[in-house]
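Chains as they are written, first to last, in the working numbering: chain A, 160 to 525; chain B, 160 to 525; chain C, 18 to 410; chain D, 18 to 410.
Source of the hints: derived by calculation from the structure; they are not laboratory data. In this text, all values refer to a predicted model and were calculated from it rather than measured experimentally. C-beta atoms are modelled at their ideal positions from N, C-alpha and C, and glycine is treated no differently. Take the hints with a grain of salt, since some may be wrong.
Distance ranges between label pairs, derived from CB positions [as the list claims (entries may be wrong)]:
#, chain 1, residue 1, chain 2, residue 2, range
1, B, GLU193, C, ASP122, 46 to 56 Å
2, A, ALA298, B, GLU380, 49 to 59 Å
3, B, LYS422, D, GLU243, 29 to 39 Å
Only pairs whose alpha carbons sit at most 27 Å apart, straight line, appear in this in silico DSSO-like list of lysine-lysine [to be verified]:
#, chain 1, residue 1, chain 2, residue 2
4, A, LYS358, D, LYS229
5, B, LYS373, C, LYS288
6, C, LYS410, A, LYS471
7, C, LYS410, B, LYS358
8, D, LYS188, D, LYS214
9, A, LYS422, D, LYS229
10, A, LYS373, D, LYS410
11, C, LYS410, B, LYS302
12, B, LYS422, D, LYS410
13, A, LYS422, C, LYS214
14, A, LYS471, C, LYS288
Residues per chain, in single letters:
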Amino acid sequence: MISFGMSEEQELIRDTLREFANEAMRPIARDCDETAQIPQDFLDSIWQLGLTNTQIAEQYGGGGEERSPVTNAILLEELGFGDVALAIAATAPNAFVNAIVDHGTEEQKQALLPLFCGDSFQVASLAVLEHGPLADPAAPLTKAEPKGDDGFVLTGRKSWVVFGDRASHFLVFARNNGGVDAFIVPSDAEGLSIGEPEKNVGLRGLTTVSIELKRVAVGPEAKLGGAQGGDVRAILDASRAAHSAILVGACRGILEFCVPYTKDRVAFDEPIAKKQSIAFRLAEMHIEVEAMRWMTWKTASHVSQGHEDATKQAHLTRQYVSEKAMWIADNGIQVFGGHGFIREYPVEMWFRNVRTLTVLEALAGV
Amino acid sequence: MISFGMSEEQELIRDTLREFANEAMRPIARDCDETAQIPQDFLDSIWQLGLTNTQIAEQYGGGGEERSPVTNAILLEELGFGDVALAIAATAPNAFVNAIVDHGTEEQKQALLPLFCGDSFQVASLAVLEHGPLADPAAPLTKAEPKGDDGFVLTGRKSWVVFGDRASHFLVFARNNGGVDAFIVPSDAEGLSIGEPEKNVGLRGLTTVSIELKRVAVGPEAKLGGAQGGDVRAILDASRAAHSAILVGACRGILEFCVPYTKDRVAFDEPIAKKQSIAFRLAEMHIEVEAMRWMTWKTASHVSQGHEDATKQAHLTRQYVSEKAMWIADNGIQVFGGHGFIREYPVEMWFRNVRTLTVLEALAGV
Amino acid sequence: MIDFTLTENDKARLAHIYAQGEFVRQFAREADENEAELPPEILPGAEEFLTSLSHPGAPGPEDTQGAAMMTLNTIAAFWGDYSLRPKQPGGGGLGNAALAAAGSDDQKAKWSHLTLSMAITEPGCGSDPSRVETSAVLDEETDEWVINGEKIFVTTGIRAQGVVLWATIDKSAGRAGIKSFLVEKSAPGFSVPGKEKKLGIRSDDTAVYLFKDCRIPRGNLLGGDESIPKASSGGFRGVMKTFNMTRPLTAAMGLGLAKAALDFAREELEKAGVIVQYGAGTAQQSAAAERFTRLEALYEAAELTTLRATWLAGDAKPNNMESSVCKAHAGSAVRAITQGLVDLLGPMGISREHLIEKWMRDCRITDIYEGTGEIQRLIIARGLLDYTRADLK
Amino acid sequence: MIDFTLTENDKARLAHIYAQGEFVRQFAREADENEAELPPEILPGAEEFLTSLSHPGAPGPEDTQGAAMMTLNTIAAFWGDYSLRPKQPGGGGLGNAALAAAGSDDQKAKWSHLTLSMAITEPGCGSDPSRVETSAVLDEETDEWVINGEKIFVTTGIRAQGVVLWATIDKSAGRAGIKSFLVEKSAPGFSVPGKEKKLGIRSDDTAVYLFKDCRIPRGNLLGGDESIPKASSGGFRGVMKTFNMTRPLTAAMGLGLAKAALDFAREELEKAGVIVQYGAGTAQQSAAAERFTRLEALYEAAELTTLRATWLAGDAKPNNMESSVCKAHAGSAVRAITQGLVDLLGPMGISREHLIEKWMRDCRITDIYEGTGEIQRLIIARGLLDYTRADLK
């Protein structure tokens with residue numbers, strides 16, 4: 160049944176996070192960008208909101224609230240509205256936790272989920288992306304050599320690992336027998352080395368690192384989902400929905416910031432908002448923010464239902480949302496003219512953040 | 160030396176053809192479209208202009224004037240401004256003649272060129288295109304079986320053969336030993352059958368047909384360029400320059416037709432030209448007509464010089480010009496609103512013609 | 018609950034319409050070439066066929082509801098062909114949507130079995146309805162409205178049995194004076210002097226209407242409200258709100274054609290060995306596949322904005338912005354999709370051997386009628402900026 | 018004769034600049050991260066290098082001439098890096114182009130060895146120069162202009178030795194009252210209180226200029242014409258015509274960066290096994306190759322419109338429309354090219370390990386300074402429609 164009807168709970172969550180975004184994220188976003196760090200205070204405060212632990216089942220120590228990817232998409236839109244780098248930082252543990260919840264064996268759940276039910280910010284990271292032109296997260300160069308009962312030996316290099324400097328575990332995507340599997344690797348595994356923080360054009364506040372795996376041996380139980388493996392495609396699909404949701408929020412933020420500026424800014428004797436080239440661009444931004452949101456909701460819904468078209472939907476949504484989000488961010492600068500180019504205004508930062516997130520995958524999940 | 164300087168002769172040719180376009184083409188274009196035919200009078204009058212015969216060398220009976228592809232591009236822009244279907248009809252013999260001049264053996268020139276030096280309209284046609292999705296003119300399915308000294312046997316089906324119903328010869332592109340060659344085939348060759356006129360969305364006045372080759376035997380002398388073959392890539396490159404030039408003219412025509420309309424048409428108390436959404440669109444059309452023209456000139460110039468980048472330039476130009484021409488034709492309709500959709504105004508016809516020409520190749524040459 | 022899955026019943030009902038659409042397609046080329054509507058009676062078995070089309074089974078409580086389902090039905094019907102539209106006996110015209118949105122219960126009961134066209138545009142006014150010159154003057158003696166004026170671009174104007182007409186009852190009141198009236202074809206002084214030749218939807222007649230001292234009963238004013246509010250937009254808003262349903266349905270019509278083009282292109286690409294690798298990166302994708310998925314994504318997005326607008330209407334929520342959003346979005350999308358697919362397929366795309374060139378022509382009207390894309394963007398921008406019509410035009 | 022081939026001498030001169038550009042690139046990242054200009058003297062061998070850069074050999078009569086060659090030189094220099102620009106000793110600033118276009122011979126002789134910035138924008142005026150508030154009042158007693166006002170977004174504003182400044186000599190005259198003046202940094206009352214932090218061209222300083230009773234000699238009015246024409250645009254046109262050379266060169270700067278990005282991406286794609294098949298149909302092309310060629314074609318088109326505008330200038334033909342055409346075209350093109358390539362390359366594109374993300378940031382200014390893309394389109398539309406500034410704004 161086609162329905163866009165939010166539940167009361169979803170509306171409540173949206174409102175709560177919207178307030179949080181305005182009060183706890185917007186004010187610190189520029190500082191995080193310039194100083195290339197996120198205050199521990201912020202991570203603590205987001206942890207108090209319980210985005211991670213409340214949705215882990217009670218038997219593993221969590222809140223046991225039902226986790227709906229659609230609800231998470233609604234929530235991520237608000238966080239993305241606050242700040243993209245902070246949104247990813249805030250929900251970084253979820254990408255890992257969700258993968259375990261959805262695809263882990265009972266043993267993996269028991270071993271890992273309780274780590275995320277404590278009182279303080281705890282993170283483990285997806286290690287999916289790699290360097291090199293046209294790098295495809297679904298076709299990693301990192302490889303896993305099966306060693307029978309001894310498990311696997313992992314070799315390769317992963318980049319853009321969020322909070323890789325403080326993660327307890329990594330979920331490493333690697334080629335295995337022609338397919339792709341994900342492996343749970345503790346950060347202190349022998350042969351695993353963690354690089355210096357990477358420098359990216361956007362999301363400068365967010366720490367990402369490269370990790371190098373030199374013949375890292377893991378047991379057979381390290382493979383996500385056990386013998387039959389986890390559905391790595393589904394993890395990537397979920398990540399696409401999550402990134403899209405964050406981008407919807409970021410773009411809504413850009414539009415909302417443009418509106419009052421264009422009404423105030425005068426050129427040729429009238430507010431620039433009265434010029435169709437500006438007014439129509441705002442209309443176009445609004446049209447696309449709406450379209451992006453419904454694409455994202457549909458993808459999240461399909462992912463959550465394991466719909467046969469989930470991968471297709473995630474593919475189309477990622478393609479569409481990336482293109483439109485970048486169009487909006489780029490035009491945000493143009494609407495502001497010279498002010499769009501200087502760091503006194505946030506639009507240039509949003510441009511960098513959007514461009515960065517649109518080319519990365521698997522930093523966040525729903 | 161980079162130069163955009165037209166010679167006096169080029170300016171004269173441009174002015175002459177511009178007048179011809181306004182006086183002999185514009186007035187009959189809609190009628191040709193509705194009745195699906197081009198009057199013989201028109202073909203006769205264009206023949207009198209000598210577009211074909213003047214540039215054939217004197218030794219073959221022609222005018223012996225130097226043929227510059229850049230000059231031809233200038234000329235085709237004006238004809239395209241007049242009407243796309245008529246422009247192709249007018250220069251249809253040239254595509255064939257140019258191929259013989261540029262790539263034919265001495266024997267081929269002696270045998271064929273004199274045919275085009277008479278007093279009345281004479282046509283032979285390129286047979287390049289084929290039906291089927293993603294059909295690629297450079298990779299035809301029609302094949303030539305080499306039979307040693309006996310020549311070749313041609314088998315296949317060609318479509319969109321301009322004036323195929325009255326052509327004396329066809330230049331048939333066919334696979335030959337992994338490569339592609341062009342073969343001169345008389346229209347009365349055994350095994351060659353000519354189909355009914357095709358129905359296309361645009362260029363409705365222009366007769367195109369399919370021809371079927373059922374084991375058509377031709378001698379070794381039928382192969383363009385003799386033993387070493389002709390450069391079929393160069394023929395396609397030249398065709399891309401020619402089509403682009405016609406499209407530049409068509410698009411300039413659309414823009415020039417929009418300008419007075421937008422100044423006359425009133426909505427919300429002022430001419431729609433004063434609305435930035437319209438005014439900026441006209442500006443964009445002008446920008447693109449300019450860009451398309453210089454791309455076309457550069458390609459024609461490179462093709463004429465046998466420049467190493469000629470194929471690349473032709474590829475980029477075709478891609479660019481197709482996209483922008485279609486954008487302009489589509490927006491021509493939008494600027495006219497409801498009037499753009501009815502056949503009382505020419506913009507809907509221009510839309511169909513432009514869309515048709517942008518997906519076809521090798522109807523014209525420079 | 019937010020959900021985007023069709024129930025089995027939804028699917029069955031839609032499959033029914035798609036099957037009928039496929040049946041109708043065999044007549045599509047002929048109708049286009051002849052520029053004439055196919056009378057329903059020439060369709061073999063049309064009687065049963067049309068009835069079942071109009072009543073594809075009732076939805077259960079778990080099924081997709083009313084307005085959103087109407088969007089999907091419309092897409093399915095137009096996927097068949099544009100020429101299917103006027104084949105529906107009674108209803109199905111744009112005027113019917115206006116009647117449904119703005120008519121009184123009595124009026125609905127009286128006229129909804131008729132096919133009603135909608136007449137807004139005049140020779141001197143395109144997308145600016147405030148320039149309407151057609152007048153309606155009340156003759157108190159006979160209790161009749163006397164209508165004078167000319168309307169152009171009246172879709173389904175020949176076949177329609179009546180029209181929802183925009184006319185001003187007080188030109189000095191500007192937009193507030195504009196009202197809509199229901200005029201049956203039989204009304205004295207109503208003539209149809211001409212029919213437009215068009216780029217597309219050639220099987221659908223587009224008429225010119227002339228009203229010369231045309232008299233209709235007083236009760237034919239839609240909604241029955243004869244007052245002219247002082248605020249400049251009050252009365253007009255009543256007229257405009259009929260657009261909140263016609264806009265999404267117009268969008269849906271275009272989307273049906275675009276979907277037909279996508280399905281055709283997908284099949285042809287597969288014949289050429291092009292298979293879309295969903296989920297794969299750029300390195301694994303062919304140029305043709307990537308171009309196709311871009312257009313497919315555009316379709317998905319436009320369909321969702323349209324569903325959103327109608328879902329709100331079905332939920333009795335305001336959808337003024339949303340109906341303009343979906344109309345603007347679908348209007349651009351169907352242009353890009355059909356023109357892009359013709360380009361992608363290459364030469365075969367422009368041949369009248371296939372229907373895709375026709376779908377490209379047909380759906381070009383989507384961004385023009387029922388308010389151009391430019392008008393929709395004006396409406397959206399005003400909403401965003403909290404500007405009046407005078408502030409931004 | 019129409020020709021698009023570089024002579025051997027053209028190629029040699031350009032190769033020289035490209036080689037120097039390649040050398041400069043090693044400092045590009047550092048200059049970006051430190052947001053400071055690299056003083057020329059820190060470059061090893063900079064003395065000789067810079068001299069040779071300024072004089073890359075004289076063109077022969079068969080070679081590409083003056084202004085068109087300047088475009089290619091600029092593209093080559095910026096292909097190296099944006100931070101190369103202010104490294105040229107003397108000249109090279111936007112004000113220098115203004116001096117060349119509008120200065121008297123005496124003025125050119127006196128000042129062209131200085132690096133001159135150009136100051137137009139004020140806090141209250143962006144792309145609308147008629148709102149200039151900075152005033153110049155003639156003190157007849159001392160024969161000096163007295164200047165008061167504030168300018169922002171002054172490119173190369175810190176390093177420049179002087180500025181070409183826009184100020185009004187009669188506010189009541191509107192645009193006709195606006196004149197340009199040459200002010201050296203040493204002028205009393207001229208201060209540089211701040212420097213902007215920016216998205217890109219971070220190695221290039223962008224300053225705030227303050228003028229408080231700043232006095233300059235009467236002869237510093239550019240072109241020397243103190244009259245205010247009655248027609249509203251005469252005097253202003255003199256100021257505006259300096260744009261007819263600065264606009265194409267600004268376009269060329271952006272194109273140099275875009276070309277660098279294209280060359281980098283082509284190499285990286287080849288590493289990933291993506292080879293562009295020029296001449297091949299869609300079926301033979303990979304998605305990555307097609308995306309690349311689209312951006313490459315866009316570059317080609319923008320380079321040609323820019324060459325066209327400067328070729329006209331070099332031929333002493335009017336190029337007002339053409340300089341707006343190339344600025345508008347290149348402004349959009351470089352956005353699309355660099356952002357599209359970053360997208361195409363994937364994750365590596367956003368890493369500061371490579372320069373492509375910097376080129377994307379740097380060239381984002383192209384569509385903003387020296388008149389935004391919107392202003393250029395206004396100018397073009399006015400030209401097409403034969404509208405005045407009052408008719409279309």
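Item to complete: Mind checking the alpha carbons of LYS471 of chain A and LYS288 of chain C for me, to see if they're no more than 27 Å apart?
Response: 21 Å, holds
Worksheet item: When you check the alpha-carbon spacing of LYS373 of chain B and LYS288 of chain C, does it fall within 27 Å?
Response: Given pair LYS373 of chain B, LYS288 of chain C holds - Cα atoms ~24 Å apart, limit 27 Å.
Discussion item. Would the hint linking LYS373 of chain A and LYS410 of chain D be met if the CA-CA limit is 27 Å?
Written reply: Not OK: LYS373 of chain A and LYS410 of chain D at ~64 Å, beyond 27 Å, violated.
Discussion item. A range of 49 to 59 Å was offered for this pair. Does it hold for the Cβ distance of ALA298 of chain A and GLU380 of chain B?
Written reply: For ALA298 of chain A and GLU380 of chain B the Cβ distance comes to about 53 Å; the hint holds.
Discussion item. Against the range 29 to 39 Å, how does the distance between the Cβ atoms of LYS422 of chain B and GLU243 of chain D compare: consistent or not?
Written reply: Given about 38 Å between the Cβ atoms, the range holds.
Worksheet entry | Pairwise hint evaluation, LYS302 of chain B against LYS410 of chain C, where the allowed Cα distance is 27 Å at most | At roughly 61 Å apart (the allowed maximum being 27 Å), LYS302 of chain B and LYS410 of chain C break the hint.
Worksheet item: Does the alpha-carbon distance linking LYS410 of chain C and LYS358 of chain B stay inside the 27 Å limit?
Response: Status violated; Cα separation ~43 Å.
Worksheet item: Has the given pair, LYS422 of chain A with LYS229 of chain D, been kept, meaning a C-alpha gap of at most 27 Å?
Response: Status violated; Cα separation ~31 Å.
Worksheet item: Given the hint that LYS358 of chain A pairs with LYS229 of chain D, does the C-alpha gap stay at or below 27 Å?
Response: 42 Å, violated
Worksheet entry | Hinted pair LYS422 of chain A and LYS214 of chain C, Cα distance within 27 Å | The hint is violated at about 44 Å.
Worksheet item: Is it true that the CA of LYS188 of chain D sits at most 27 Å from the CA of LYS214 of chain D?
Response: Not OK: LYS188 of chain D and LYS214 of chain D at ~32 Å, beyond 27 Å, violated.
Worksheet item: When you take the CB atoms of GLU193 of chain B and ASP122 of chain C, is the distance between them in 46 to 56 Å?
Response: Check passed, 48 Å falls within 46 to 56 Å.
When each numbered hint is compared with the structure, violations occur for hints 4, 6, 7, 8, 9, 10, 11, 13.
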